[in-house]
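Join these two chains into a complex; the hints should help.
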Amino acid sequence: MSDWDTHSPSLWGAFRALVRRDLLLAWKRPGDVLNPLFFFAMVATLFPLAVGPNEEQLAFSGPGVLWVAALLAALLSLNGLFLTDYEDGSLDQLLLSPQPLPLLVLAKTTQHWLISGLPLVIVSPLVALTFQMPDRAVGIMMVTLLLGTVSLSLLGSIGAALTVGLNRGNALLSLLILPLAMPVLIFGARTVALAAANDAVAAGIYFLGAYSVLTMVFAPFAAAAALKISNE
Amino acid sequence: MWTFFHRLASPPHFYELANKIYPWIMVPGLALIAYGTYAGLFVAPVDYQQKDAFRIIYVHVPSAYLSMMAYMTMAISAGIGLIWRMKLAHAVAAAAAPIGAWFTFLALMTGSIWGRPMWGTWWEWGDPRLTSELILLFLYFGYLALRGAIDDQSKADRSSAVLALVGAINIPIIHFSVEWWSSLHQGATLVREGGPAITTDMLYPLLAMIFGFTLFFGAVLLKRVRTEVLARERRSRWVQKMIMPLEGRA
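Protein chains in written order, with this note's numbering: chain A, 746 to 977; chain B, 5 to 254.
To be clear, the hints were calculated from the coordinates, so they are not data collected in a lab. It is possible that some hints are incorrect.
[To be verified] Using 25 Å as the maximum straight-line C-alpha spacing, the simulated BS3-like pairs for lysine-lysine come out as follows:
#1 Lys91/B - Lys24/B
#2 Lys227/B - Lys245/B
#3 Lys227/B - Lys24/B
#4 Lys159/B - Lys973/A
#5 Lys973/A - Lys91/B
#6 Lys55/B - Lys159/B
Next up, chain B with everything else stripped away, as it sits in the complex (with noise of 0.2 Å):
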């Protein structure tokens, strides 16, 4: 158990192992997001209230799903790396960040795209998960734009993760805050007491796309590690070697 940790945490076998799994996930991720596109444009009914508009659930649901799942991953990766000091974990950490950053962007966008049919406007203030994402946002950039400003590697990746984590206790009561603040938004669809207030129809798509996300999201993740990990290593011998194998065997 302990080797298999020691192993995956070695660069080099890190690099080889996320070349083989990164199909075994893209590729189901992909199948899932194509079957919830068709299943969620043309299989679901008209929703009797919204119309079609509702339709842009099937993108906005995910999308503000991950954009939290990718905060935790970054900081709970952050953390690792922080109380480990394992290096790989603070590249996952970077390369979570700016994947974290485009869904958020995402879920706003399609949050605006949907809120103008229903409330008659692009932006409303009065809606707390509108205005609690936007916030998420601006904490991805600072995050961003902390270990921009960082040349050290090793600083940079230890001072963001002490703000990712500051951050992430810091997310709950944003929420909570921004909630108290006004309240404008529909309750909880899918997770409630009494099973979900959805048909089935509705539904399978709408989980379809939270999972095909989920996978599209790790399949990328891993493929940024990558390129994290190459970058990092950029001076050792395994990745001359590997970029330029002609020179080292001359």
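With the rest of the complex left out, here is chain A (with noise of 0.2 Å):
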């Protein structure tokens, strides 16, 4: 065994490594956690504005804005998952590394999760509030976002992948990711619906958590096949 290898460190420890690098980074520009926080907010707030001020019919669409708001500010964020990366030369030293990428495109995802996904799970119940969710509603409705936007930024991730060179990413990955991520809008914002009418929603629960799990396992493969490929 060579001196290099030894040196290089366990899978465990790579994980942990890429994690904490990002989650420093993200410390040091708020800016890119907030901004999409803000953005779910504002969407949330556009539409009271749009379709007026009555609260029945603001308690009626409520599962369905916040949503599809929770969507649009996970997709905000998605574009940057490589990006960074990719122009310092970060990205090159990943590709190169003694570490499957597959684990290493986990561990930026995980990081993508822990400043997008999270964070948006615990301001949600503020937003949810001012569209008088009843409160168990909240409770189902926090536990279907912290399900569906790990499958959110899994699937994403994939997608960044595929658009990471190219110039007009932004508006192309939006496009590649949103109808794969139809059964996770579906599923998540049908369950809320259903839990502000009092009517059971473990199926919908059961298909959110079948789904991450399912997307944690092939997700990946393929962002790190994908990485590949546009990275070469």
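What follows is the structure in structure tokens.
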């Protein structure tokens, strides 16, 4: 075994190091984390302004509006997932590193979820209150967002990997990811609506959980393959 | 056996072979479509519930079927191209996408026209199949847009292949979730236990249309792949020789 080999970090070590580095970078540029949150709140504000202040109507459309806003906010931050690494060359280092690429992609996606998905889940009750959402539905909404944003980050990592070197990447990324994200939106929004109507919600939550596990298994491999192709 | 595949994968050989078999697919396809159109419009009895409006089924069902079939063709050949690095397979995927998008559009349009007298509206969000067909159209758009955005041919081939495969895994999930979301459309009439719930006078033209459309798809695909191969191999000697035979001699 060569000297170089003994110094390469373990799988878990590499994973942790990458997540830590990216979280640190995000800490130094708080705008990247806050902007999607402001965007989320603003989109949610646009709807009452557009359809009128009728309470019943707002309570009825609340779950859908919140989920659409969350989906768009998640998309907004996805473009930067690999972009800065691509620009400063550290993506090449990741591709060359001895650790398996899907694992490193999973680390980047975890980091992305920690700074975009998780804050969204935490902020969402504030927005939900303005839509007259009942307490039980708020709890269910947080659960669906928690599971759903995991899938969105993972699906998005495939799109971000496919479009990383392209100039007009952002609009294209939405075009690629939105149709794939429809199941998450459907189950997320409908489950919250069912909860608001005091109906059974287990099916939707199970589905969102299963879907996030499925994407967790497949998406890192697809995204790693895509990264290799678009970065040669 | 293997030499046959190797020869098939070689562009000049494929080009000649495609030239030869093209009429053998196109002519029966058009004949079946002609029979299906005639029998569907004039021979099949009037539906007692939907009157003559049901006759649009003879275009709607084959297009909807082919919109899926074209995506499968695209995803499978993209996978073959990605795994075995077969250039011809990528050409097939690239050629199948626009045809599939048009069939999807046709299925949506005929579904919408059918919906007007049946549901009293051009578009019914409560119908899961119409909605998942629309999402399928968006998937095609995404594929075509990604392909169009990448200049390098080999990169475009492989990137779009990854997308096609991811989409193929997702299509059943999308369909299932849209179905869960709401249901208003009539159930399946063709494939079910105890035989189809439709008289043979109505069934035969429909089957003829489905097979006819499939053969037509195959023929158009062949034609498009040939063009695609020519465009991709434009710098090679055999293409230049074929296009400008005199220049080669001089």
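Exercise. Under the criterion that the straight-line Cα-Cα distance not exceed 25 Å, is the pair Lys55/B, Lys159/B satisfied?
Worked result: The hint is violated at about 52 Å.
Problem set entry | Given pair status - Lys24/B, Lys227/B, alpha carbons within 25 Å | Holds - the C-alpha atoms of Lys24/B and Lys227/B are around 11 Å apart, at most 25 Å.
Exercise. Are the Cα positions of Lys91/B and Lys24/B separated by 25 Å at most?
Worked result: holds (21 Å)
Exercise. Given the hinted pair Lys973/A and Lys91/B, is their alpha-carbon gap at most 25 Å?
Worked result: Roughly 18 Å between the alpha carbons, so the hint for Lys973/A and Lys91/B holds.
Problem set entry | Restraint check for Lys227/B with Lys245/B, where alpha carbons must lie at most 25 Å apart | This hinted pair holds, its Cα atoms lying about 20 Å apart.
Exercise. Hey, Lys159/B versus Lys973/A, does the alpha-carbon distance stay inside 25 Å?
Worked result: The hint holds at about 10 Å.
Hint compliance for this structure: hint 6 alone is broken.
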